[in-house]
Every structure is written in structure tokens, then in C-alpha cells.
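Those protein sequences? They're chains A and B, same order as listed. To convert, note that position 366 of the first sequence is 366 in my numbering; the numbers rise steadily by one, no gaps. To convert, note that position 147 of the second sequence is 1147 in my numbering; the numbers rise steadily by one, no gaps.
Keep in mind that the hints were calculated from the coordinates and are not lab data. We put the CB at the ideal spot given by N, CA and C, even for glycine. Careful, some of the hints might be misleading.
Each pair of labels, with its calculated beta carbon distance range [as the list claims (entries may be wrong)]: (1) A:Asp140 - B:Ile1267: 38 to 46 Å; (2) B:Ile1267 - A:Lys368: 53 to 61 Å; (3) A:Asp43 - B:Leu1065: 51 to 59 Å; (4) A:Gly274 - B:Arg1177: 49 to 57 Å; (5) A:Asp369 - B:Phe1286: 51 to 59 Å.
Short derived list, chain A residues pointing at chain B, Cβ under 10 Å [what the hints assert, rightly or not]: (6) Asn69; (7) Lys189; (8) Val206; (9) Gly209; (10) Val211; (11) Tyr213; (12) Ala215; (13) Lys239; (14) Lys247; (15) Val267; (16) Asn271.
Output of the computed footprint for chain A on chain B, the stretches with three or more beta carbons under 8 Å from beta carbons of chain A [to be verified]: (17) 1011 to 1019; (18) 1057 to 1071; (19) 1138 to 1146; (20) 1190 to 1204; (21) 1217 to 1224.
Listed here are the chains, written in short residue letters.
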Amino acid sequence: MRLGLQKKLFVTAVALGFAMVVPATSFAGDTIKFGVAGAQSGDLAAYGLPTVKAAELVVKQYNAKGGINGKKIELLIEDDVCKPEVATNTATKLVTDGVDVVLGHICSGATKAALPIYKEAGVVVMSPSATDTALTFSGDYPNFFRTIAHNDAQAIKIVEFATDTIGAKKIAVVHDKGDYGKGLADIVKKLIEKSGKAEVVLYEGVTTGAVDYTAIVQKIKRKGADAVIFGGYHPEASKIVSMMKKKRMDTTFISDDGVQGDSFIKVAGKNAEGVYASGPNDNSKNPLDAVARNELKKVYNEDPGEFYENAYSATLALLNAIEKAGSTDMAAVVKALQTENVDTPVGSIHFDEKGDAVGVGFAMYQVKDGQYVEVK
Amino acid sequence: MDYFIELFFGGLTRGSIYALIALGYTMVYGIIGLINFAHGEIYMIGAFTSFIVATVLSIYGFPLLAIVVIAGLAAAVWSSAYGYTIEKLAYRPLRKAPRLAPLISAIGMSIFLQNYVLLAQTSDFLPFPALIPDFEFMEPVAHIVGSSDLAILVLTTLVMIGLTFLIKFTKIGKAMRATAQDKTMAVLVGINVDRVISATFVIGSALAAIGGMLIASHIGQINFYIGFIAGIKAFTAAVLGGIGSIPGAVLGSLVLGLTESFATGYISSDYEDVFAFSLLVLILIFKPSGLLGKAETKKV
């Protein structure tokens, strides 16, 4: 077999590459093995790659300080391309490699598939991005935590606000028949009925783009609703709000993230005053958020991608828990996660017994003088 | 009973909105037998033109009445120019072609105009200023009929009367009726058919533009897509009333508006469209030419 010079160089390079990779993973001594799993290639790579960078940055900081309790932290990075069938392999590989904790997975489906394997092995898993409510609410995975709000968090926030803070007794739930709006409205309706604190007097969808919403507004009035909860986006919300003002109604209007933005205020104008809407917690004033962003800019010259802050926070939370627990034993780490507060870019957080981060999620905002202001 | 009256007036307003657009559909169909799908876009362009003019004028501090009149006129002229040009570019060359060709051309024109406004203006919703102020004498009944509802109702009635007068008693109206009845014969007695058709497009477009301004002011927002949905509903109303018939378009629009309003009020807004289109199907089964349409006799 005769090889040209270029090919020889190539083969040498590949061989050297192997030689450099292998010791890094298999000959490391007494370290804490920190797994990172998620989509790192394929069409959903954009969701997973920022998580890898976040983990690298935080781990580098810790290692620069001498690691945790004298042990260096070693990253085990595995790709699951967001596919459940690949994720089980990824999890098995990480467990075989002796992983201590895992940051991941990214997609809810992949996370769900991988969790039983980690549970069996006694590995704590924390996802920056898996929002499927059942992951924590089913109670099946005591080893699972997350630093992102789950799918129902917004609906829970809105319903609690309407029934407890506002004290509404009769609530009209209206949606725009879309995936997002109707999905939210469905959960809101269920939650109100379950809580028994208020009555759903109306549950209907409006046709988006219709020329006139007089009839539905008159109906809201006739049903005697003292609050309207609307699931949908800002064009319909502003039409309904304006029509309510025209009909001289002062029913409280509460809506969602699709309305909590400047475009709603721009279109609805002065009719927007007093409208409540839920939106993600505002972290822009959190100094740690700026630190996390600046570091990324400095090292990679990039702007934060999807779930970067959540992953950064999850890494901090996991490492902090290991440090406080003094071991990587599952029970001890879980206890530390639930009891020890840790300052992260998404706020000062700890975790509830289900595994959801307390302090992460949605806040209520109200339009005051043409601006959304957080309702304390 | 109060609730019934509220829904009734809501339905009337909605019906009048449809009527202002439906008149343009029905006039064009009556004369050249073409469903002008770009008509909804003319309405949208009218709304945009009045929006731009009204915004500029209010910066210069014009009084509200002057703004309404100037913006309305500007919208009517500008939209008429569009209507005239569309007819000349997209329909006239196809007048002798099979009926399907101008229909496809109309759909193409509709898509073209939507995307043109999307690119030239914006894809966002824009807040439309309230051009109809809250009249003081309306305040006691404002929870039932608002000032802008009243304006739309009054305007539709005026337009309806004006249009009937135009077609019954003026020279151009006579020429329109003649063209509608028999194009070849109209040419033989010295009517300039091309000019009559252009006039029809101009009048229909001007009505749609003024409708666009009032409706946008009533709803309070516009974007490039408003013409499509309003156009589909107005077209349905025109067919319901008997396409080609002017009183039919108004009647069909009112019936459609009231049906939607009562369906929402007494049953559920989820079924608003279901009832509207079920009504259309029912009427077309029993009266294929629509409520006031003339049955076409086929000559063998």
C-alpha cells in the first residue's frame, strides 16, 4: 500500500488525534465526572450546543479554583441528537463510564427515555430545557431536576393570580383556537375547575382575523364575568380589549406571554392600560446573568444561544450541591439541591420536592403608563 | 331582551361592514361575470392609504373632521387608481379568454397585492387611530351601539341609496345596466363598454376604500392580511344575496352578519363560521341564485 504525502500526513494526524483523545477520558484519576448530554449535531444542535459551552465555562472556573473538595471536574460530553432511541444509548454509555451527575438531556422526549437508566444507576440529572410537565409531576424520577419552567407553569401562575390576587369568582376563558392559545386555555380551565375557587362561566374560541368581536364581548358581559383570561396573541387581545372599552366594561383582562410585549401596547394604545399578562421572569438586572454572557463573549465570541442561561445555572446548581453534600451520592446531592440556595443567572434558586426550580418561571406584569411593570 | 338588542346591533354593524365590501364584488360580477378576488386587497390598500394620510395630517394638527374627509378622499382616489389599473392589466387582456383564466388572474393579483404591501409596508399590526370620536349623545347607549357602529350603519345606508340612485337615474347607470344585460348590443347602440367597465371598478374600489377606513377605525388595527378574511366573508355575503344584485349584496351581508352575531351570542363563537357557511349552503340548495338573484334561463 503506497500512500501519498498528504495521505500520510492525514493518517498521522488521525492517529495523533486518537492518541490525544483516549487518555483524556480513560486515564483520568480521581475526578468528578460531569456528564453533558443533548443534541450536539443534527437539526436540533442549536438547542444543545450552548449547554455544552455553558458547562465548559463553569467547569473551567471550578477547576481553576482547584476543583471541588480537591477533586478536579471532568466533562463527559455525549450527543443524543434529541432522539429518544439514541438517548438511551447515550445514557448507558455515560453510566458505563461512571458518570456522577448529568446536565441534560435537552429535548423532553429524549430526557424521558434516558431517565430510567440514570435512576437505576443513582445518577442525578438536571435539564436546562425539558419542559414536559410530567417529567417532574409524575413523581417517577426523584433524580430529575430542571432549571426551566414546565409547560403548565404559565397557566398555574395565571390562574393563581386571577383567583388569589384578583379574587375573581367568575372567569371567562377565551382563546384564539390556535395551538398555543387553546393549549394554554385548556389547562387554565382545568386548573380553575380543580381549584374550586372560581367558576368558568364561558369557555370559547374566537376566529382570528374576524372583523368584529362585539358578540363575544357582549357575551362576556352577560355571563357576569369579573375576569377574562385570554390565551393567544396580541392582535386578537387588543381587539377584544378595545371592544370591551367601547362597551364600557371594566372586566379585568388577563393574558399570556403572547401578549406580554411592546407590540400589544403599541397596537392597543391607551386601551392596553391595566391589562395583566404573564411573562418569563426578568433576569436582565441579575449581575450573574451579565457575568455568564460576558464570559461567553470573551471565550467564544458568541451571543447566548438557546437555554444558555438555564444550562449555566444548572451547572452551577449541580456543582454547588456536590460541594455542599461533600459527595456525589444521589441522596446527598438531592438533599443539597432541595435545601441549599444557589445564586445563578436565572436567580437565586433551590428545588422543590418534585424537582422544579423555585424562583424560575413566570411573573405577572401589568400595563401602566404604556409599559409593562412587574406586579409584586 | 337587552342582550338580544345588543346582539342585533352587533350583527347589523358586522353586516354593514361586509356590505361595504360586498357591493364591489357584486357590481363587477353583474357587469362582466368575474369574481374579482383582488377586491379584498383594494379594501386593505384603502385602509393603509387612509392610515398614512391620517397619520401625516394629525402630525400637522388638522381637526378630526378634516382628517376624516381628506383621508377618506385620498383612500378612495388611490384605491380607485388600483382598481382601474388591475382591471386594465389583469382582466381586460383576458376578456375573451375562458372564464377560468380571469379568475386565476384575480387570485394571482390578490396574492401579489398582499405581498406587495407586506414588503412595502410591514408585516406587523399597526394601530389605526380612532377617526370616529365618541359622540356625547351616544353615551347613554354606548354599551349597545357605539359611535363608530352608528357611523358605519349610517354610511352603508347612504351608500346604498346613492348607488341605487346612480344606477337607476344616471346616464352611466343606464350604460351599466345595458352592459350587464348584453355587451354586444350595448356596443351596437354606442356605449363605450370599456369605459363602463372601468367606471364600475373605480366605483367599487372607492366604496371598498371608504369601508376600509371606517372598519379599520372601528377595529383599531390593520395589517396586510385584513383584506383576505374580510374579502372571503363579503364574497360569501354577495353570493348569499344573489351575486350581481346590489340590494342582494346588502341583504346577504346583513343576514350573514346577524347570523354570526346570534350564533356567537346564543350558541358559541366556536361555531360562528360553521353557522355562517351552513346558512350559505342551505340557501344555495333551495335558491341557487341567492336571495335576490335572478335565475339564469339557459337558451337552447
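Consistency of the hints with the structure:
At about 43 Å, the CB distance of Asp140 of chain A to Ile1267 of chain B agrees with the hint of 38 to 46 Å. A beta carbon spacing of about 38 Å between Ile1267 of chain B and Lys368 of chain A contradicts the range 53 to 61 Å that was offered as a hint. At roughly 58 Å, the beta carbons of Asp43 of chain A and Leu1065 of chain B sit within the given window of 51 to 59 Å. A beta carbon spacing of about 55 Å between Gly274 of chain A and Arg1177 of chain B agrees with the range 49 to 57 Å that was offered as a hint.
Under the hint 51 to 59 Å, the C-beta atoms of Asp369 of chain A and Phe1286 of chain B, about 57 Å apart, fit the expected range. Checking Asn69 of chain A against chain B by beta carbon gives a least distance of about 55 Å; that is not within 10 Å, so the hint is violated. The criterion of a C-beta within 10 Å of any C-beta in chain B is not met by Lys189 of chain A, whose closest approach is roughly 14 Å, and the hint is violated. Checking Val206 of chain A against chain B by beta carbon gives a least distance of about 5 Å; that is within 10 Å, so the hint holds.
The restraint placing Gly209 of chain A at the interface with chain B holds, with a minimum CB-CB distance near 4 Å, inside the 10 Å limit. For the restraint placing Val211 of chain A at the interface with chain B, the shortest Cβ-Cβ distance is roughly 5 Å, inside the 10 Å limit, so the hint holds. Residue-level restraint check for Tyr213 of chain A holds (minimum Cβ-Cβ distance to chain B is 9 Å; threshold 10 Å). Residue-level restraint check for Ala215 of chain A holds (minimum Cβ-Cβ distance to chain B is 4 Å; threshold 10 Å).
Annotation: interface hint on Lys239 of chain A holds; nearest CB of chain B at approximately 6 Å, less than 10 Å. For Lys247 of chain A, the interface hint holds, the least distance from its beta-carbon to any beta-carbon of chain B being 5 Å, beneath 10 Å. For Val267 of chain A, the interface hint holds, the least distance from its beta-carbon to any beta-carbon of chain B being 5 Å, beneath 10 Å. Residue-level restraint check for Asn271 of chain A holds (minimum Cβ-Cβ distance to chain B is 8 Å; threshold 10 Å).
Using a Cβ-Cβ cut-off of 8 Å, 5 residues of the stretch 1011 to 1019 of chain B lie near chain A, which meets the minimum of three, so the contact claim holds. Given a C-beta distance limit of less than 8 Å, the hint that chain A covers the stretch 1057 to 1071 of chain B is violated, as 0 residues qualify and 3 are needed. Only when three residues or more bring their CB closer than 8 Å to a CB of chain A does the claim for the stretch 1138 to 1146 of chain B stand; here the count is 3, and the claim holds. Evaluation of the coverage hint for the stretch 1190 to 1204 of chain B: breached, as 0 residues show C-beta separations to chain A shorter than 8 Å, against a requirement of three.
Look at the stretch 1217 to 1224 of chain B against chain A: 5 of its residues bring a Cβ nearer than 8 Å to a Cβ of that chain, three or more, so the hint holds.
Hints 2, 6, 7, 18 and 20 from the earlier list are contradicted by this structure; the remaining hints agree with it.
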